[in-house]
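Since the structure of chain A is provided, determine the placement of chains B, C and D on it from the hints.
There are 4 protein chains.
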Amino acid sequence: MSDVKKVVLAYSGGLDTSVIVKWLQETYDCEVVTFTADIGQGEEVEPARAKAEALGVKEIYIEDLREEFARDYVYPMFRANTIYEGEYLLGTSIARPLIAKRLIEIANQTGADAISHGATGKGNDQVRFELGAYALKPGVKVIAPWREWDLNSREKLMAYCQQHDIPVDFTSQKKKSPYSMDANLLHISYEGGNLEDPWTEAEEDMWRWSVSPEAAPDTPTYVELTYENGDIVAIDGEPMRPHEVISKLNQMGGDNGIGRLDIVENRYVGMKSRGCYETPGGTIMLRAHRAIESLTLDREEAHLKDQLMPKYAEVIYNGYWWSPERRALQAAIDETQKNVSGVVRMKLYKGNATVAGRKSDASLFDESIATFEDDAGAYDQKDAEGFIKLNALRLRIAAGKGRQQD
Amino acid sequence: MSDVKKVVLAYSGGLDTSVIVKWLQETYDCEVVTFTADIGQGEEVEPARAKAEALGVKEIYIEDLREEFARDYVYPMFRANTIYEGEYLLGTSIARPLIAKRLIEIANQTGADAISHGATGKGNDQVRFELGAYALKPGVKVIAPWREWDLNSREKLMAYCQQHDIPVDFTSQKKKSPYSMDANLLHISYEGGNLEDPWTEAEEDMWRWSVSPEAAPDTPTYVELTYENGDIVAIDGEPMRPHEVISKLNQMGGDNGIGRLDIVENRYVGMKSRGCYETPGGTIMLRAHRAIESLTLDREEAHLKDQLMPKYAEVIYNGYWWSPERRALQAAIDETQKNVSGVVRMKLYKGNATVAGRKSDASLFDESIATFEDDAGAYDQKDAEGFIKLNALRLRIAAGKGRQQD
Amino acid sequence: MSDVKKVVLAYSGGLDTSVIVKWLQETYDCEVVTFTADIGQGEEVEPARAKAEALGVKEIYIEDLREEFARDYVYPMFRANTIYEGEYLLGTSIARPLIAKRLIEIANQTGADAISHGATGKGNDQVRFELGAYALKPGVKVIAPWREWDLNSREKLMAYCQQHDIPVDFTSQKKKSPYSMDANLLHISYEGGNLEDPWTEAEEDMWRWSVSPEAAPDTPTYVELTYENGDIVAIDGEPMRPHEVISKLNQMGGDNGIGRLDIVENRYVGMKSRGCYETPGGTIMLRAHRAIESLTLDREEAHLKDQLMPKYAEVIYNGYWWSPERRALQAAIDETQKNVSGVVRMKLYKGNATVAGRKSDASLFDESIATFEDDAGAYDQKDAEGFIKLNALRLRIAAGKGRQQD
Amino acid sequence: MSDVKKVVLAYSGGLDTSVIVKWLQETYDCEVVTFTADIGQGEEVEPARAKAEALGVKEIYIEDLREEFARDYVYPMFRANTIYEGEYLLGTSIARPLIAKRLIEIANQTGADAISHGATGKGNDQVRFELGAYALKPGVKVIAPWREWDLNSREKLMAYCQQHDIPVDFTSQKKKSPYSMDANLLHISYEGGNLEDPWTEAEEDMWRWSVSPEAAPDTPTYVELTYENGDIVAIDGEPMRPHEVISKLNQMGGDNGIGRLDIVENRYVGMKSRGCYETPGGTIMLRAHRAIESLTLDREEAHLKDQLMPKYAEVIYNGYWWSPERRALQAAIDETQKNVSGVVRMKLYKGNATVAGRKSDASLFDESIATFEDDAGAYDQKDAEGFIKLNALRLRIAAGKGRQQD
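Protein chains in written order, with the UniProt record's numbering: chain A, 1 to 406; chain B, 1 to 406; chain C, 1 to 406; chain D, 1 to 406.
Each hint should be verified, as a subset may be incorrect.
Not everything, but these chain A residues come out facing chain B in the computed CB check (under 7 angstroms) [as the list claims (entries may be wrong)]:
{"#": "1", "residue": "VAL127"}
{"#": "2", "residue": "TRP149"}
{"#": "3", "residue": "GLU201"}
{"#": "4", "residue": "TYR222"}
{"#": "5", "residue": "VAL223"}
{"#": "6", "residue": "VAL264"}
{"#": "7", "residue": "ASN266"}
{"#": "8", "residue": "ARG290"}
{"#": "9", "residue": "SER294"}
{"#": "10", "residue": "ARG326"}
{"#": "11", "residue": "GLY351"}
{"#": "12", "residue": "ASN352"}
{"#": "13", "residue": "ASP361"}
{"#": "14", "residue": "LEU395"}
{"#": "15", "residue": "ARG396"}
With a cut-off of at most 20 angstroms between alpha-carbon atoms, the simulated PhoX-like pairs for lysine-lysine come out as follows [stated by the list, open to error]:
{"#": "16", "chain 1": "A", "residue 1": "LYS382", "chain 2": "B", "residue 2": "LYS141"}
{"#": "17", "chain 1": "A", "residue 1": "LYS311", "chain 2": "C", "residue 2": "LYS311"}
{"#": "18", "chain 1": "C", "residue 1": "LYS359", "chain 2": "C", "residue 2": "LYS338"}
{"#": "19", "chain 1": "C", "residue 1": "LYS156", "chain 2": "C", "residue 2": "LYS5"}
{"#": "20", "chain 1": "B", "residue 1": "LYS141", "chain 2": "B", "residue 2": "LYS5"}
{"#": "21", "chain 1": "C", "residue 1": "LYS248", "chain 2": "C", "residue 2": "LYS338"}
{"#": "22", "chain 1": "B", "residue 1": "LYS401", "chain 2": "C", "residue 2": "LYS359"}
{"#": "23", "chain 1": "A", "residue 1": "LYS401", "chain 2": "D", "residue 2": "LYS338"}
{"#": "24", "chain 1": "A", "residue 1": "LYS6", "chain 2": "A", "residue 2": "LYS58"}
{"#": "25", "chain 1": "B", "residue 1": "LYS382", "chain 2": "B", "residue 2": "LYS311"}
{"#": "26", "chain 1": "C", "residue 1": "LYS141", "chain 2": "A", "residue 2": "LYS382"}
{"#": "27", "chain 1": "A", "residue 1": "LYS401", "chain 2": "D", "residue 2": "LYS311"}
{"#": "28", "chain 1": "B", "residue 1": "LYS382", "chain 2": "C", "residue 2": "LYS382"}
{"#": "29", "chain 1": "D", "residue 1": "LYS22", "chain 2": "D", "residue 2": "LYS141"}
{"#": "30", "chain 1": "D", "residue 1": "LYS359", "chain 2": "C", "residue 2": "LYS311"}
{"#": "31", "chain 1": "D", "residue 1": "LYS382", "chain 2": "A", "residue 2": "LYS382"}
{"#": "32", "chain 1": "C", "residue 1": "LYS141", "chain 2": "D", "residue 2": "LYS382"}
{"#": "33", "chain 1": "B", "residue 1": "LYS382", "chain 2": "D", "residue 2": "LYS359"}
{"#": "34", "chain 1": "D", "residue 1": "LYS22", "chain 2": "D", "residue 2": "LYS5"}
{"#": "35", "chain 1": "A", "residue 1": "LYS359", "chain 2": "D", "residue 2": "LYS401"}
{"#": "36", "chain 1": "D", "residue 1": "LYS401", "chain 2": "A", "residue 2": "LYS338"}
{"#": "37", "chain 1": "D", "residue 1": "LYS311", "chain 2": "A", "residue 2": "LYS311"}
{"#": "38", "chain 1": "A", "residue 1": "LYS141", "chain 2": "B", "residue 2": "LYS141"}
Honestly, the hints are just simulated from the structure, not real lab data.
Virtual Cβ for every residue (Gly too), placed ideally from N, Cα, C.
In isolation and in its complexed conformation, chain A is listed as follows (with noise of 0.2 angstroms):
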């Protein structure tokens, strides 16, 4: 094991990646170079520095990645309506390509031959960041010490902390809750803990981002979101850049109770497992840009762009955001965007999220022709007959013929 000279870590400054510093520089006898990111998780990423110091790492990174992961990551991903089995605005999976593409350039710029992470070895996550290495960077070595080590229990994790002086204060806050949760701009997420009885409903102090719908407002909330080209640029008129639509309709999905999702997901590595999220923004965003869509779309390009999709929910899912597959799928999706400008109004009410009205300069909607009112001649309804007959052709044949009908 002696041959990896230089690791990059994500790091959270958290207990477990800490352990992590300080098993990688023991077991590797290597130097381990520290990664921290805000990617909209809501907590200071400048403390981890302090701790990193402690740790005795020299090479510590710290960045404010937001405005790229909402611009390049997130954006793209809502284009495409993207769900995962029906349910899941994948939050966490979206993350992983971004942080996993900064380790790798960390990890050429500054000599590094191997990366790491604190991801389980029975979790998407380690999948996500690997892939995404290993598409980035062939030949680097991904040292993942929850499936190397036997620290495997919150009790030999705190040995191991007071063996190597590592102080318990790096604990964060979000591991003192009986939950494993992750957050990013994006989404928070909780498993674990009770939830891992599916019948079982989560406890309402779980949550974090959202208030209940039951103590949510008692007035709805009107929001005006402006697209182009399919991504959201303003809101209520206001221009805004993309990490800050994301963190105002977070805000506002937030007080009004909307976002909260329990659903039990297939995990890429073959097991089912129950999740709790909370995406208030993303809820509000796809339901805002379907509704800008369906003024702005042709049929047929709509259509097509629901049958690609669960297949681009799964690549993403399944952590293959740097795969080719992954952009000819966008290629396609990106393609159908052109004129997905306008305004979605947005009615935010205990939970709800409902489409209140949309326009588009763009829009082809046209209200003479689908009147029930006397034609403007644009639409002649003595068509439909012969385009039924035509649609009916085959099975009128078929029936004739004597085939089973129903």
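Showing chains B, C and D alone in chain A's frame:
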């Protein structure tokens, strides 16, 4: 046109189809058979008898098709988690094949050579009625008065009534609404009126089946749905037939402000239209079905279903229920439902239908494997390394050969 | 009907479209502009000028579109390995969008308000011409004489010629055949005559572009095709433009009895029809393109392409080249072709076009990994265990819970 | 490793698996049960008995599985027109699930707790064997010697033989070839040797089942295949069982130089490999099945099948025969085959298997509708106008609003 001897008309008892009775008798000099079905639209059907008699109709069919509709059409469709264009639960679409089937069966029974309906020449329903009719009786003559006559305004219709002594109280309550409406057990739809501007929010007094979320009770309602083979068979432990299930859930959903939808959709005939829908029970059913599947479906069959669903929805929306492609898709869907059994607990609250719990004897969720605690041996974390390495291999080879990586 | 002032006609110079010129002039009392294109059909187009002039046409367009056809239509289509219904290389379908586009462009140039074509009312070509025309100029008037007039037999057409002094030698050679034929650079098609019985084999003297496999040379011909970004740019090392490539391969394929096809296909208008096709060059190109992709495409992008292809083929077959869904699909397909470069060596022999070798600087084939000999280290066989174990996990869990296993 | 008591080995009687018998006995100190199946590989299986006995095996299973293989695996797969990556007929892939099933059944019968096979750690077959085994007996132990031992070269294997008195004539004829080969009723495959350079054409003397097209007879052979429900039930009018059909077509195809394939394919384990295949009968069957479907399948079910096929092929190639997704896909496929009955006439000539005719009592081809002559009334050409107009409507609206058109 004199070659039509007898025509079976889908007769609602309302003004429009009453005019059609008269118009058919006059224009085609033929006998008219009326067919009026209770498919859960919430209006009495028996009064249609006297109206038809008053119009000189001799063969009058009035039938309660609620159970057949729920069991053979709505239930199979919900097994697929069917949604059209990401939003619409296909409430209107799914009722048409049953009406088409009964029209043809009655035509065969009464020796009629034609069928007729009151759908306009701009909508989807003409397509659905007629594709069904042609598929089931390829030589049938279809008469679509709205595409033939020149009575295409309310004024002309009223004038026709006066000329032909059709009592004005044939106008159903519904028709006094500014909206074009259609209802059945699964939903009620609204089009036209001031909905024609997609920027305008629907008025509160338009909605008929549900209270607004604002007006719904301040305390949630919990309900347990028991599934067998993908279908709900009991509510709160009480066994119910399919149409009773839907009725009950409509009432519970409507009471809690659940199931309102306001969308712009793409019609099969080529235009966009704006519609509002209330589907209280269906909205609960969709969420609950996904929840029971989340426990009981294998990942890959679940993903396959998700990839097939948009096509299946399109097939139904476009009116191809009676088609070989629908049967093939249904065969695949039904094959997956053998183990979709168990109980889902739903929380209904002010517009929200959320999953509060799910359990199943056929559950594939395994707490001992998914847990973050020590392994029981079923899952060896070290396997993840090989899993990732081989899944990454193609990406590594490509990167190693200098392919684009990001 | 007098509202048409000027119409652009797709004019072949043959009898049928000559009759159409006259019929349009008479029936619509309008000016006729003729458009005759060389798209590689193998007949002189220049003679159409004198014929048109003789019919009183003043604006005559005669163009060589072979290169545009090959480069902008055939080549993009072959990037997708496009086949309709498992067999048909879409030779007729792919020529129509170009004709439609030029018809509309000429209409715009000449101030014409209508276009016309000689396709019958039962075929796909009317749909392809007209969908293209409407997509490119939504207000255009389309005149389809075969759907309007009563000249629908050879006898009536001949009588019309006599009455209107249309010289009988306008009948092209082609029309003396018992088959309905259509040719362009990519293929020649045959329908009708004794092909109407699908049990009857086509007669040897029907085929025009290829010798029979029996009559082909007894020694194979080898040819090397050089690809860049998915397109053939050289044959046997000699750079060629797209239309030269196709011509050359047609000749080589035809000489070796390659490219005959005899199928029953499903028309978009709802019926089955039996057609025979000769596509010598295209048959070679399809095989060769798959071969160069087999070296240079990533597995998952290759599989994605295979899953999209039937839809893409359907879009083209049905006439939706000028549609947003075709553009979205094309964007995905083209995205995958960036590294599809290299050389394929084909063996042509008595009807067989087989791959004899393929090489590429962008090859992802790695002898050292695929070999059965000792490992160079890039691939650790032990990884396979973890790969299999985790891929099997969902199946094991299901089996462990007593699910159906076979 | 001593926890294995009895292991069932897929035993060919060749050198490699003979070594495995010994190695298992030694390494695991366990009893070995051998299972040798005739799946049409064209070598005697009975000699395996004496060899196994000589190795000290007490429980020896030798079975003729040809009919089961043909009927329950090959036939269902051909109903889908299955091809992997546009070329490969899955000859190896389709045999594995049956072997896996019998291994597990014999394990259950003999009380064995493990199974073993001779597939290497770089190929697909290990995956297919093991996924099958785990799906059918989730707790089974799988021993893959090639991934465990260090005998991974021919020299080491030979040395092991000498040390352990394994007679060298256990080396089958096959193994004397420079190629790695695998054969069953459906095909024979070749890998390795000088095939490892994809630019090199396979040598003529590699091929074993077919003559070259050059060496095939100078006159064509015609054969008539009778289908019932998608399966061939008779050849030239003579009823045959599935495995007889395949044998007979292998012989006829091989005699006529049909069924050779030379491809680079993407393995599930992540690398590309070059393989040559001979599938004489299967090549005929694929073409013929498409031909009988061309007459008897509805267009939309045919297109649905074409869209599902690549996924279905991938499922089989990757080893997921025993999976719920395969069963769901099969249900859809089988649903479409109810009317796929009739006769196809094939012409076999020097490498070409071409369709010379097809007929069916269930034919949906209707000469009177498809004909170019005057209408019998079933099809009104004027309907085409409405059909086109409504299909064009969405394109016209978009163009009318200034959308990109080309």
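(request) Go through the numbered hints given earlier and state which of them the structure violates, listing their numbers in rising order. (result) Result: hints 2, 4, 5, 10, 13, 19, 21, 25, 27, 30, 33 and 38 break, sorted rising.
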